[in-house]
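Enquirer: This is what each chain is made of:
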Amino acid sequence: MTRWLAARLLQGLVIVLLVVTLTFVLLQAAPGDPLTALVDQPQVHPEVVEQLRRNFGLDQPIHVQYVRYLARLAQGDLGVSFLQNRPVADAIGAVIPNTLLLAGAALLIDFALGIGIGVLQAVRRRTWIDRALSFVTVGLYATPVFWLGLMLIYLFGEQLGWFPVGGAVDPASHAALAPIGRLGDRLHHLALPALTLGLVGASATARYQRAAMLEVIGQEFVRTARAKGLRTRLVLLRHALRNALLPVITLAGLAFPMLLSGAVLVETVFAWPGLGRLAADAVLRRDYPLVTGAALLAATMVVVGNMLADLAVRAADPRTGAA
Amino acid sequence: MSRRLRLGTALVGALVVVAIFAPALAPYDPIAQLDLMDGRNLPPSGAHPLGTDLYSRDLLSRVLHGARVSLTIATIAVVLSITLGTVVGLTAGLTGGWVDAALMRAVDAGLAIPRIFLLLAVLALWEGISVLALVLVLGLTGWFGTSRLVRAEVQSVRGRDFIAAACAAGVGPLRLVLRHVLPNTAAPIIVSATLGVGYVILVEAGLSYLGMGVPPPLPSWGNIIRDGHPFLVLAPWISAAGGGAVVLTVMAFTVLGDGLQEWLDPRRA
Amino acid sequence: MSALLQVRHLTTTFDTAAGVARAVDDVSFDLHERETLALVGESGCGKSVTALSLLRLVEPPGQIVHGSSIRFGGRELLTLPPEDLRQVRGAGIAIVFQEPGTSLNPVLTVGLQITETIHAHERVPKREARERAVELLRLVGIADAPQRMRSYPHELSGGMRQRVMIAIALSCRPKVLIADEPTTALDVTVQAQILELLAELRDRFAMAMLLITHNLGIAAGIADRIAVMYAGRIVETAPTGALFREPLHPYTAGLLRAAPRLDGPARPVAASPGSVPPATAWPPACRFHPRCPYAWDRCRTDEPSLLDGGPAREARCWLVAEPLRRKA
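Protein chains in written order, with our numbering: chain B, 13 to 335; chain Y, 12 to 280; chain E, 231 to 558.
Keep in mind that the hints were calculated from the coordinates and are not lab data. Check the hints yourself; a few may be wrong.
Unchecked claim - Covered stretches of chain B (chain Y as the covering partner; in silico rule of three or more C-beta atoms under 8 Å from a C-beta of chain Y):
#: 1; region: 145-153
#: 2; region: 275-288
#: 3; region: 306-314
Yeah, the Cβ is synthetic: ideal placement off N, Cα and C, and Gly gets one too.
Chain B with its partners taken away, still in its complex shape (with noise of 0.2 Å):
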């Protein structure tokens, strides 16, 4: 187990770096440099903005510039925000904690839908239900998940009021609440993002796992266990459910990328302040550091996430020697 983990680390750095090295490049073929913004203002020298080049090697050839990159990197240090005008760690650490929080709800919806859909799918193949069910699942899928967003608010939010429309918490009483009521505002905010995260995501999960469902049910200790004379829901839950939840893990760990891609669409549709909000922000006004630096965090968030999931298999499938 630990040499695979360690194999797994490697691989996970590896990518990283290729990661790094495109973020790189992009900046590099950004116009102007970390410190265009200087030059504009008047009362800077020019004389003094050379120096600053030269002392942040912004004159040297591209491999040098390139290692020093690196070292910044490691060191935590991502850069400046030309309009934010502070360094892009720390306006991206404020807004990480937003986005982890709504993709960890979206997860949370996702599977227990997607799942439990999948499941019930394959349970009750080439019924009506399978079929309703396949409808409003390929529905879903094909919905573009920030006009999934618009139709919750308008129907949610505005018209039957039940839940906010926009930001993490409420502005104007946030601040005065107790901490249960605080919680309980987050939450309420939280509902419609994480929902419509939820949703979309539920939608590809439920396709896997009803697919991964119906290929384990033909297996034969299915068969075996029908015949013991074990209860039906027995043979669904610990005998067929149990393989056919390793694939669709895997497959949710691949599927962290979209989830991440669609956070960028929710936050900018309810205002949440996280990082794909911050990165389409970033966009619009060509503040190049924030946007490859929030890329290279959502990227090494996936491989992260990814580790997470392939680890939760191999300790969850005996056949590879969990040991």
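For chain B, the structure is supplied; the task is to place chains Y and E on it using the hints.
Expert: Same frame as chain B, but now just chains Y and E:
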């Protein structure tokens, strides 16, 4: 031909027809601002079956033309992605060794960056985005999955006896690839491409919604939804029109893709 | 004394793209208490489907046709409500499948797969079920039984897995044990051990056994009676010794000739010409007539029913009615 395949083909066929004949089918010019005084944000009616938007443009015309824009962009981008992915996948699968390893790590990295983040990072470099640039960027960032798919197919075919037999008979490598390997990989590629068109439409809609996609006033379903966002309560039909079009279209491609999967590659359906 | 298991007119069909396959076509037989009956035939003759049908384990597109009857201990299994059927499965009639590698759940321990069977049928405390499971593992010849309880199937050899399957089957003391090609997937050396084990346990538990096999030799070693199947039908039944001494049906004779024998001078192994026809298109009249060396016009026009061939013997062949046509 299963029912699903027939249905998918019919739907996608209808969409293609609509896209091609949009100028003839649309009652108005999609970018014409018809009546800035009284014609803004009108609800659906006889004159405007889907209503008008904030610039008093007819939504039905915009949606129909949007089909043209979105489908064209998605199709070309997917063709580009598939080609690139196939080339890379073939190279990796046939060469093996460190070339394979290097390529696949690059693919892993490409897949690790969430698509929208990657697109945003690249698109940020442009001041003004043209449709051509959009197509190129979408195509150049969408090949990773295909390359993995093709590589896996190549590896499984490679091990099979008929390849060894052909090799022993002196068949050259290029011919081997074209005649023997590629036909076997065709089925999953076709399915992936079909589903991919649906996916790219969703991505493009997202980008357009964020303002980084199809440049206005050219209609794209994504920017129709964007136009409608501020007026969600007053004129929900604007966003609804754009979104509904996307849902129907992507559903059509998904159904077709699933149907093709059943037909061409049943063991994996 | 009425039979423990009475099968009458069992017909199981499958809807395939090529038409309806009558895999089991009007099969009837009895299985008495403490008796071992072997169902013998080549692949494609319907014997495995028969076994699955007995416990109603046939999945769509297969179905048991109306008019079939399976009576176990006096109760009709085909109309049994689901909960009662569940109780019969495993506790009344147990089955051991052919492929121990795929018949055990790979993510559950061996011990759990035994104890859950016990818990499904009897209300016993967990400890007792565990102890019984350990005892069963010992009984089927697995060393280190208490440790093996925590093993996973992939950690065991093929032979050991099959022993576990047998342990599972016996866990609730069934009256009938169905063994569907129990040794086919195993190494030759292990086959004999498993067969011996089955025979021993059958006697110890006083069970009736239905053995499904394509190997007459295996049947000879363990069965009291043999029923030969061909093309979805039973074509001959006889006590084991009688069958081997004097087969009445040409197909049975062919099977015997095709088995190489070590106890006599070397003879060429004679295969019956032709092959088993597809289940969607059984030949008309006598289903064996295209391959039968004795066939005459009656065989091509009338299908024989099971004709009386002597004490406890039947054969579906016109030669029974017209024995003079048997030339050497």
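Enquirer: The structure should be examined with respect to each hint, and the outcome stated for every one.
Expert: Against the structure, the hints come out as follows:
no.	hint	verdict
1	145-153	holds (count 3)
2	275-288	holds (count 5)
3	306-314	holds (count 5)
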